[in-house]
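Asks: Residue strings, one per chain:
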Amino acid sequence: MPGSIRLRSVLVGATAVALVATGCGGGDSGGDGGGSGVIRASWGDPQHPLEPANTNEVQGGKVLDMIFRGLKRYNPETGEAEDMMAESIETEDQRNFTVTIKDGWQFQDGTPVTADSYVDAWNYGAHLDNAQVASYFFQFIEGYDEVHPEEEGAEATADTLSGLEVTGEHTFEVRLSEPFALWPETLGYAAYAPLPQAFFEDHDAWLAKPVGNGPYQIDSYQRSQRMNLVRYDDYSGPDDARNDGVELRVYTDNNTAYTDLQAGNLDLIDDVPASQLKNARSDLGDRYINQPAGIIQTVSFPLYDDAWSGDDGVKLRQGLSMAINREEITQRIFQDTRTPASDFTSPVLGDAGGFQEGLCGEVCEYHPDRAKELIDEAGGLPGGRVTLSSNVDTGSHRQWLDAVCNSVNNALESENACTVNPVPTFADFRNQISNREMTGMFRTGWQMDYPLIQNFLQPLYYTDASSNDGGYSSEEFDALVDEANSADNEDDSVSLFQDAEQVLVDDLPAIPLWYQNGTAGYSERLRDVRLNPFSVPVFTDITVG
Amino acid sequence: MGRYVIRRLLQMIPVFIGATFLIFLMVYALGDPVAALFGDRGPDPATAAALRAEFNLDKPVWQQYVLYMGKIFTGDFGTAFNGEPVIDLMGRAFPISARLMLVALIFEVIIGITLGVITGLRRGRSLDTSVLVLTLVVIAIPTFVLGTTLQYFLGVEFGWIDPAVGPEGRIDELIVPGMILALVSLAYVTRLTRTSVAENIRADYIRTAVAKGLPRRRVTVRHLLRNSLIPVVTYLGADIGNLMAGAIVTERIFNIQGVGYQLFQGILRQNSPTVVGFVVVLVLIFLLANLLVDLLYAVLDPRIRYA
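Each protein sequence line maps, in turn, to chains X and P. Going by the working numbering, the first sequence opens with residue 1, and the numbers climb by one from there. Going by the working numbering, the second sequence opens with residue 1001, and the numbers climb by one from there.
Think of the hints as simulated: they come from the structure by calculation, not from any bench. Watch out, some of these pointers could steer you wrong.
As the list claims (entries may be wrong) - A few chain X residues that face chain P, going by a derived Cβ cut-off under 7 Å, partial list only:
{"id": "1", "residue": "Arg226"}
{"id": "2", "residue": "Thr256"}
{"id": "3", "residue": "Gln262"}
{"id": "4", "residue": "Ala263"}
As the list claims (entries may be wrong) - Listed next, the stretches of chain X that the computed footprint assigns to chain P, with coverage defined by at least 3 CB atoms under 8 Å from CB atoms of chain P:
{"id": "5", "segment": "151-158"}
{"id": "6", "segment": "445-457"}
{"id": "7", "segment": "463-472"}
Beta carbons: idealized from backbone N, C-alpha and C, even for Gly.
Just need the whole structure built from these sequences, with the hints factored in.
Replies: Written out as structure tokens, the structure reads:
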């Protein structure tokens, strides 16, 4: 609400009178969870039914993170994968792994978590017939091709992954289709969660009220309205909930959630609306969180189009990259909730994880004169102009698209060098990209699946990888990635991935724009609120009162 | 009268089929929704194909339509992408929106008509002018500005209401949102009533009624109002449908999980079963409301007869 600050100061007097008159503050008038140790948090309607391998967005992932614990868990502070249910994950060749899980864990329905709980869940998630949107997480395991053939219309020729074998009540063997040194580090992702027998026996009932093995259990769930979670008292992990529970309320508009937070009816929002970013600091003070998340925004090019390939193409892309004033855009439009990007990963990885500030060098800096030179050397923009495409139905994409194009136009001293091509819906936009119909620049955002440098490079730039939207292909890059994956230890692997990233800087198949932050705000009732690298609140740590 | 009703009901069938088919085409024209389910990642062809088959998206649009309509008559409105039957979504959303609509309608009828009659009787006086200006202001300000402003002051500054309505949508929580929703229509109702009253007050039958020495109240209510209400009732009838569907903005502001919200989600996620299902019901409500209006004409003005 623009101008609300001024209105507010005018109304301070009137408010005071009104408060005395009504005999109550704007405080706890309606919340049923209020008063006790329950956190009232905002939520969005999950896009898919809540099951581990069928969840690829934040809202569903938030719940899975509360009710499940897998083999590994990413440290909320450092992003490092640490053993959770895993006793040990051993390998000698980076390809055959022996997984031993801890004894004594149980699901919230009282059944024990065994090796079968994992193997059955993974087989379910991988199988084509179950049409799980995150089944690609199991693609590294041998036999994935048989249970989940890639081609349209193909049918599964096996029921289970041949690379999985249960060898004891608490041990199982995993054989990958090729060496992957960082594979154990990927296991903190929710798709790898174990599932109780009840999931397979009565699937619908399980979906209506999912049962996991994590620190919270679901008390009641009204789809697309609210979910009440309570602390699971028999939880076996080290990260017990320090509060009584969480009430997740679906908000259709995060502006309303923000207003509810101000009114004292809500304790926590994990996405401050763009229109309130300006006021959040003054409204909430220290209770406003703005910290890096594992999200990078880039602009990609249709490298399958002759106009953008070859040596001239590289110069064009470098020139366009230097024509974008990232500093100004992140400050003015995003109120510093974005940080100009200088590599292809994210600061949440940390230096040890492969983040390298400034790797991209002057190519990712604003040098309008050099930009113009480079583009002139390349023979000018194809057809004299370029478009920048993105869906405009969500986020505040339209604003920055205009800003980026303006920046390019200013640098090239031409009013129509860059124009925005808005695509109405996300689905339409993704379709155009998948069908390779792009002719100019287009937005490509990437939210990490797990905090690994591999995840920022391989799915996006490896030849024919699932999210290689620009159609980039480099033998040198592919070879370095392969080498990194079969490295003997994690340090070598990370350093080889960084070498591969250097290839990207030289070829510039995509322009890094900025790293995205997570934002949150909370009420005075809460203590110890922070976001993990996925920009999801660490609910277990929050104390109330 | 009975035959008229039956004829009108039969006329609904082609309108119903046409409207639903158009909606179906429009949702279909938005493109393939499956790609969006995979986020920023390119979908793997096999899973995408399996999902398309599950939602019948792999068939030509006319066939999808026939399959869909066939199921509707058995009460199966399909499944939303989050795995929930659309009929369950409707079962939750429609009662909430209906309550919201009722609140809005009551505001419109009581305040709108009262104001209209008062100003119509006092045309040109200062009260009339100020109400006219006020209605103009209300019509000119977009709903979301009024909505968010009121929400902020009543909800945050004064703490009189909860800014967000709970999932149950209790009637007391719906009063402020209902008022916001009613405001624009209320202004139109006021203006319509005013004009109509002002016109009819000079009619012969009013002069006769006054000359007969009937009490002023009886003249106003029985003679003047009854004859002036026809255009207002027409408007209100059409407005019922608008209130149900057009509440998208109000429902968003106050976090009401009604029809507007579900439609909005359905469109955003290109979920044709949700969108078409809700629209089908809205079309029915619209048609029935209009039928009701036509029947009310005869009650209000006996000269109008249906054979």
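Asks: Next, verify each hint and record whether it holds.
Replies: Taking the hints in turn, this is what the structure says about them:
For X:Arg226, the suggested interface contact is upheld, since its CB lies about 6 Å from the closest CB of chain P, less than 7 Å. Annotation: interface hint on X:Thr256 holds; nearest CB of chain P at approximately 5 Å, less than 7 Å. Taking 7 Å as the C-beta contact cut-off toward chain P, the hint placing X:Gln262 at the interface holds, the least distance being around 5 Å. For the restraint placing X:Ala263 at the interface with chain P, the shortest Cβ-Cβ distance is roughly 5 Å, inside the 7 Å limit, so the hint holds.
With 4 residues having a beta carbon nearer than 8 Å to a beta carbon of chain P, the segment 151-158 of chain X meets the requirement of three or more and the stated coverage holds. Counting residues of the segment 445-457 of chain X whose beta carbon lies closer than 8 Å to any beta carbon of chain P gives 3, which reaches the threshold of three, so the coverage claim holds. A stretch counts as covered by a chain when three or more of its residues have a beta carbon under 8 Å from one of that chain; for the segment 463-472 of chain X and chain P the count is 4, and the coverage holds.
The structure shown violates none of the earlier numbered hints.
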